[in-house]
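Engineer: Just so it is clear: in the sequence shown, position 296 is 296 by UniProt numbering, and no numbers are missing.
Accuracy of the hints is not assured; some may be wrong.
As the list claims (entries may be wrong) - Below, in silico cross-link-like pairs of lysine-lysine (BS3-like), each with a Cα-Cα straight-line distance of 30 angstroms or less:
1) K297 with K65
2) K192 with K155
3) K224 with K42
4) K42 with K297
5) K224 with K192
6) K192 with K297
7) K79 with K192
8) K172 with K155
9) K224 with K79
10) K224 with K155
11) K155 with K65
12) K192 with K42
13) K65 with K31
14) K42 with K79
15) K192 with K31
16) K31 with K79
17) K65 with K42
18) K42 with K31
These aren't lab readings, by the way, just hints derived from the structure by calculation.
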Amino acid sequence: MKIILPVAGKGTRLRPHTHTRAKSLVQVAGKTVLEHIIERLKVLAADELIFITDENGQQIEAFMKRVFPDLNCSYIVQKDRLGPAHAVALADPRIAEGDDVLVVFNDTIFVTDLTRIPELCAEADGLIYSKEVEDYQRFGVNVIRNGIIVDMVEKPDTPVSRLAQVGLYYLKDANRFMQYLDQAIQAGDTVKGEFYLPAVFMRMVNDGLRFRAPEIDAWLDCGKPETLLETNRYLLEERHSCQGDLIDTVVIPPVFIADGVTVRGSIIGPYVSLATGTTVEASIVRDSIVNADCQVKDANLRFSILGNGVRLAGSPRRMNIGDDSLIEMDS
């Protein structure tokens, strides 16, 4: 199996944090989004991970070599921003005869059992993983008949389906998938100048290929600050860890406090992630993500995200601060 991971994109909804780093390297629950995803993919023992990157590709490559040195990875730069289907098509030179392929987009962390792929795809050509949602008008949805996808509707006005596509796709025949991607690109199947995967899949469906839409257990959005904090809460329910140096401090679980963190005279939690090198003093921190090497003093933080190297002194209630910032507020 080959796994394609399109990790290009500006991540504008997560600014200021994505001004200085790739969006998949933003932290949540003590790890980067990418690390959470890769750990879920390791059960597949894939032959190769193919990253489709942008100008931040060196950050991704350095991260993978440091954290997952044993994985076989390759990196392809998407120079022209022509959409997700175009990004996936760039992996074509890495696909060999007989390969199957999993495509994983990095805006979300998924919770599902990937070892069931052979079982789920036994009588189908592919899987388009889905999640039932209430606000179906925001998503592309799969329309199912007798367990097989018969149509895909982008942001429907009426509830033709509530099964939203979650950005996780499996194709049994990777070579044939690449051929359909090329057909769609050659035909100019664009929406506002970009190529999207539903148009490719509908070509395949119309030619008689069969896709199932298995529902994942959880769909954890990491695309904007408020949903990143929601994902932090979900993951910390399963990952409470407290390794730092705590002095005269009350901890309300669940939290993730990394080794190398020092906390004095503070209240931490619930739902707080503190990355290594951070110091917190005389503060209350709740429902927040504080990245590496921060200094927080005399603060009351809630629903906040601090980037790497932030120095914050004062009593704000809610902050969204990028890397290497200095904020001082009078008492």
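Engineer: Hint by hint, work out which the structure violates, then give me just those numbers in ascending order.
Structural biologist: 1, 4, 6, 11, 12 and 15
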